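**Q** Now for the letters of each chain:
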Amino acid sequence: MSVVITEPNDHEQHDHEHEHHDHKPAGIKRWLYTTNHKDIGTMYLVFALIMFFIGGAMAMVIRLELFQPGMQFVEPHFFNQMTTVHGLIMVFGAVMPAFTGLANWMIPMMIGAPDMALPRMNNWSFWILPFAFLILLLSLFMPGGGPSFGWTFYAPLSTTYSGDSTALFVFSVHIMGISSIMGAINVIVTIWNMRAPGMTWMKMPLFVWTWFITAFLLIMVMPVLAGVVTMVLTDKYFGTSFFDAAGGGDPVLFQHIFWFFGHPEVYIMILPAFGIVSAIIPTFARKRLFGYASMVYATASIAILSFLVWAHHMFTTGMPVFATLFFMYATMLIAVPTGVKVFNWVATMWRGAMTFEVPMMFALAFIVLFTIGGFSGLMLAITPADFQYHDTYFVVAHFHYVLVTGAIFSIVAAVYYWLPKWTGNMYDETLGQWHFWCSLISVNMLFFPMHFVGLAGMPRRIPDYALQFADFNAFISIGGFLFGLSQLIFVWVLIKCARGGVKATDQVWEGAEGLEWEVPSPAPYHTFETPPVIK
Amino acid sequence: MTTKTYEKYYVPAQSPWPIVGAIALFCIAFGAGHFVIDISKQQSGFGGYLLLAGFAILVFMLVGWFRNVIDESMSGLYSNQMDRSFRQGMSWFIVSEVMFFMAFFGALFYGRMIAMQWLGGSSNNAMTFELLWPNFEPVWPLVKTPGGIETQAMPWTGLPLINTAILVISSVTLHFAHTGLEQQKRGQLKLMLLLTLLLGATFLGLQVYEYIHAYRDLGLRLDSGFYGNTFFLLTGFHGLHVTLGAIILLFVFFRVLKGHFTPEKHFAFQAAAWYWHFVDVVWICLFVIVYIL
Amino acid sequence: MPLNMTKGVTEISQEVYSLHMLIFWICCVIGAVVFGIMFVSILLHRKSRGVQPAQFHESTKIEILWTAIPVVILIGMAIPASKTLIAMDDTSAADVTVQITGSQWKWHYKYLGSDLEYFSVLATPREQISNKFDKGENYLLEVDRPLVIPTGQKIRLLMTSDDVIHSWWVPAFAIKKDANPGFINEAWTRVDEPGIYRGQCAELCGKDHAYMPVVVVAKSPEDYAAWKLAEETRIAEAKAAEQELLAMNMDMSELMDNGERTYIAYCAACHQPNGAGLPGIFPALAGSDLILNDKTAHIDIVLNGKSGTAMQAFGRQLSLKELASVLTYTRNAWGNDTGDAIQAADVYKVQQGEGE
Ligand code: HEA
Ligand code: HEA
Ligand code: CUA
Ligand SMILES: [Cu+2]
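Residue numbers (the working numbering), protein chains in the order written: chain A, 1 to 535; chain B, 1 to 293; chain C, 1 to 356.
Derived by calculation from the structure, the hints in this document are not laboratory data. Watch out, some of these pointers could steer you wrong.
Cut-off 20 Å, straight-line C-alpha distance, at most; resulting in silico cross-link-like pairs (SDA-like, lysine to any residue) [as the list claims (entries may be wrong)]:
1) 239/C to 120/C
2) 110/C to 313/C
3) 29/A to 124/B
4) 306/C to 42/B
5) 496/A to 357/A
6) 29/A to 131/B
7) 83/C to 124/B
8) 41/B to 198/A
9) 110/C to 131/B
10) 306/C to 335/C
11) 135/C to 265/C
12) 47/C to 496/A
13) 132/C to 70/A
14) 8/B to 88/B
15) 83/C to 29/A
16) 24/A to 124/B
Pair ranges (Cβ atoms, derived) [as the list claims (entries may be wrong)]:
17) 72/A to 117/C: 49 to 59 Å
18) 57/A to 52/C: 41 to 51 Å
19) 130/A to 284/C: 32 to 42 Å
20) 250/B to 519/A: 43 to 53 Å
21) 334/C to 223/B: 49 to 59 Å
22) 506/A to 52/C: 18 to 28 Å
23) 151/A to 126/B: 27 to 37 Å
24) 519/A to 21/C: 51 to 61 Å
25) 48/B to 272/C: 27 to 37 Å
26) 151/A to 153/B: 34 to 44 Å
All values derive from a computational prediction rather than experimental measurement. We put the beta carbon where it would ideally sit given N, CA and C, even for glycine.
Construct the entire structure; sequences and hints are all you get.
**A** Here it is as structure tokens:
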């Protein structure tokens, strides 16, 4: 039996029913009104790319100002806005929507479902985002500027001492949260309820598994973020004193609630990346993923542990020593399941028959560079040492390794990997390799020296610094500009591939396995209206 | 495999409502932001109007969206599998709501068991007490803040106790409405549903009365320190949820009057009932933690 | 620039350094092994060499092994780390206690059990920051009055803040502790070598977070005692001078000169050198309603600050003379031509709650 796509109330659509069901609605309405997971996935991905460029442009302002000591181009207040909004946009506007876009495109295809479980809500989740970021960006133009208290918006800097626009920040975060929660619900329900017959839990591709667990994290922590921004709002505008000792509150309470959200949030930005890498490595090694079951358990362990480690961001806040010890131990433990993943990837490569197309290159770089970021994370977890690292560029180096060479590299790898399936055309391999090597070299020029600058004592979130840091910062900035320019190659590849190129086969990659490779390239507008048969 | 047939999964072709909903949320967020800024600076601006417009659009969207859904449901497009999707979606939505309340309960726990004790000199904060707040007495309810704001505590007897009873009974009546629906006793269904609604409305009325009492007689205000903050935000957000739940039940009631829902298929009813029970459970936690303890 | 963490000059800071090196080398070794195997595989197991992929894809034994080994390594790291942490926590039996209060954007040091207290503000001239002058050696790491401590003694530091969260950091002591408003955090140190140690505020605290250095001078106990005595006398004398000042009238030009200096040092960061403020965050003083129309309120807001905003109580930070001058200056600069000269006695009166 096949699925009937009908819209009984919409007479305009009426005649479509009788046509071939692959017919796409045309014009702008296709995108505004769509309920198609592929269209929505595409919109998410394009949106994320735009946001990556806007956030990247802000990073360029930061690097420009830090090129030399002294105030050069922007005022400190504006610099703080750039830092803050850069962090917010990259986290909520680039990485998360990009992963959601990939989830939309791939999860239904990977589990043999006709679409996402709640297609209309899916479209709603997406369309909230451009508006949320519009509000955030507009707030930069208010008198007094936009948010300038860091993406972590610690109280009371974000309450009593913040600019007028704070309310806009709060409400824009609220609607971003609504969007994420609805997106996560959709993912969970789709995976739970829409798997094709025979697609048992332990047959699901790892990308599906990691997203399933990520969606849980989202549902658990996004509402907590909503709660804490609400408290910021009432503290600033309605006289409450959650974060004010005079009224019986505590500024550190803010940090507890924020990081209860914030730490799982960083795993939200890395678990799907693990799924992507676990898809790419076996394909190009032409060998099954090593330790599938342990990969699933490791992902779940990371997710569970992520609720018990939040205060490792707060070692200097003066917690009692037993609490500090607890959070230190719990944080260190996360290295174990993460290590299992890394080892499994290496074991998958071992005695495979590898080729090194662009997705594989990015995935390999991911493994090495993410692990380096993980190592610096582990160093940060050692509390006494964290007293020296905390709030320096060492931390900035850590999280850009896990976020840029981790999350962003995995997203780029995923785009190269599935692009032929999406467009039906192969991307330009030479250009792709250029993109990879330029990015690889410049990203390390950009972020590796930050470790040293941080160890030598340069605090983060400063527009101006002591003379000893000058040479390194100039070098870092050059690396930053080069990395930014390298991303223009990426855009070029994308546009070129969307417009045409060598036709891709259905399987695309020689070693690729999974349902998404059994449908034609480009993937038809509707896939699996009849559930596929799972071997 | 081949012998088994699958139910169809209905995928609506296109829908204008999501984008309308996104615009509504934009107006609400942008409007509310400006509205709050306007009041804080005691100036007038477009914020309030935009906020109202946003709500209007939201209601318009909800009505349109639900009308589509109801029509689709009534014309039998929804399979059991879809019903499961809706149910699961609703359950996870409730989980997210629980986490929202957890943020505030967590804050209450921290403020009471940790921050207040530290301000009073316990753990590693002896000097906090000695040098900064030497006159502070860490007792809960926090009727005198370290900064010196005084207020009175809200007793749990009287109104709050009555309100608890009302909500618990409303959950029971709703349960009987559900059994009525399942056993095809439409009369019982209607009556019990109506009763639930009335109880909900009474609860809300009494809650408003209690707030007036708190402000006027007890000097317990939103801005009277941590006790007032948590009291009003927890009960306030709960009240908002009761309101929302009651509105949903009202719609369900109208649909019941129109003869919708069958013993097998009544997702909307089920969702509304779950929501109502959830709100009820939150209240019981609130009653114990905020009022009694 | 040193390429590694500072070893520092205290026992604790050396321990922290060795912890850092320990974890660093462990990570290097694990990295070398993991990446080594990976690169060997990349070299050998490539399709272009004509290899056939192997078929194995799981092994419970190996999985258990590479779960257990990291656990053991981690325990090895956790033990010394816990020891150091517990040692850092013990602030008892201190010889000297200093209360450190951060505020936007300066530090205040108060020696408990003594009248000695003072502010410590960035000493780098604005011209260096705006690139008009060449930058000095200690650009942004110099203050007018450093914290002075005796060597060889246990110093207990009590951190708090008057406004937002700051964080007092001196790398050489391996101390970084947040200064939370309304709470007091404790830390301690014992420095053996006399010297000048520099650090910075390490928590984003608003616009001038970059301009909030920490400088500590460690002196031998004798030098320290001498310094302390001199400072205490200086403070006592300044207090006496204040009393005399109450009877005196300064003339307008002296007030304005003095006032401009004070204004640039204390007020200009927010209200800007031209008095225009930053719209939306810091109100303008030029043409301000309050300044032009309500003199007492003007004196009051400078003395006591405005709660719920970034405006601090300067009554605690400035001398009567400075207050009088800066009030006069703001009442007469940038077209605020009120013509008033505010004298120390006027300020004193408001301070004592008499008003006018
Ligand atoms: C994708 C995002 C991401 C990821 C995956 C991680 C992963 C980890 N992070 Fe990171 N972190 C951030 C994003 C992320 N982090 C961000 C954004 C901040 C700053 C926020 C802000 O303040 O703005 C931050 C800050 C941060 C801090 C606070 C620093 C400070 O402010 O003082 C700490 C402290 O413990 C920390 C620890 C860790 C640890 C232990 C891991 C672990 O998960 C890493 C585990 C991985 C490995 C260890 C490597 C692989 C393992 C092996 C090869 C096995 C064998 C290894 C050993 C036994 C050593 N992180
Ligand atoms: C996924 C998240 C993510 C990503 C991808 C990035 C990407 C980058 N980030 Fe970062 N960053 C954060 C998350 C992220 N960041 C967070 C959370 C913070 C903390 C914020 C806070 O403290 O509150 C932070 C903070 C942060 C700082 C510290 C600021 C401070 O403490 O004051 C710096 C400084 O160098 C920096 C730089 C960069 C650079 C150069 C890139 C580059 O990778 C960007 C590259 C991309 C582009 C450049 C855009 C594309 C290209 C063009 C637009 C073409 C034109 C190019 C040129 C003009 C050269 N980021
Ligand atoms: Cu004070 Cu940063
Ligand atoms: Cu973390």
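**Q** Work down the list of hints and note, for each, if the structure agrees.
**A** Against the structure, the hints:
no.	hint	result
1	239/C to 120/C	holds, 19 Å
2	110/C to 313/C	holds, 17 Å
3	29/A to 124/B	violated, 62 Å
4	306/C to 42/B	holds, 18 Å
5	496/A to 357/A	holds, 17 Å
6	29/A to 131/B	violated, 65 Å
7	83/C to 124/B	holds, 18 Å
8	41/B to 198/A	violated, 61 Å
9	110/C to 131/B	holds, 12 Å
10	306/C to 335/C	violated, 24 Å
11	135/C to 265/C	holds, 19 Å
12	47/C to 496/A	violated, 28 Å
13	132/C to 70/A	holds, 10 Å
14	8/B to 88/B	holds, 18 Å
15	83/C to 29/A	violated, 64 Å
16	24/A to 124/B	violated, 66 Å
17	72/A to 117/C: 49 to 59 Å	violated, 37 Å
18	57/A to 52/C: 41 to 51 Å	holds, 48 Å
19	130/A to 284/C: 32 to 42 Å	holds, 36 Å
20	250/B to 519/A: 43 to 53 Å	holds, 46 Å
21	334/C to 223/B: 49 to 59 Å	violated, 36 Å
22	506/A to 52/C: 18 to 28 Å	holds, 24 Å
23	151/A to 126/B: 27 to 37 Å	holds, 35 Å
24	519/A to 21/C: 51 to 61 Å	holds, 54 Å
25	48/B to 272/C: 27 to 37 Å	holds, 33 Å
26	151/A to 153/B: 34 to 44 Å	holds, 38 Å
Comparing the model with each numbered hint stated earlier shows that hints 3, 6, 8, 10, 12, 15, 16, 17, 21 do not hold.
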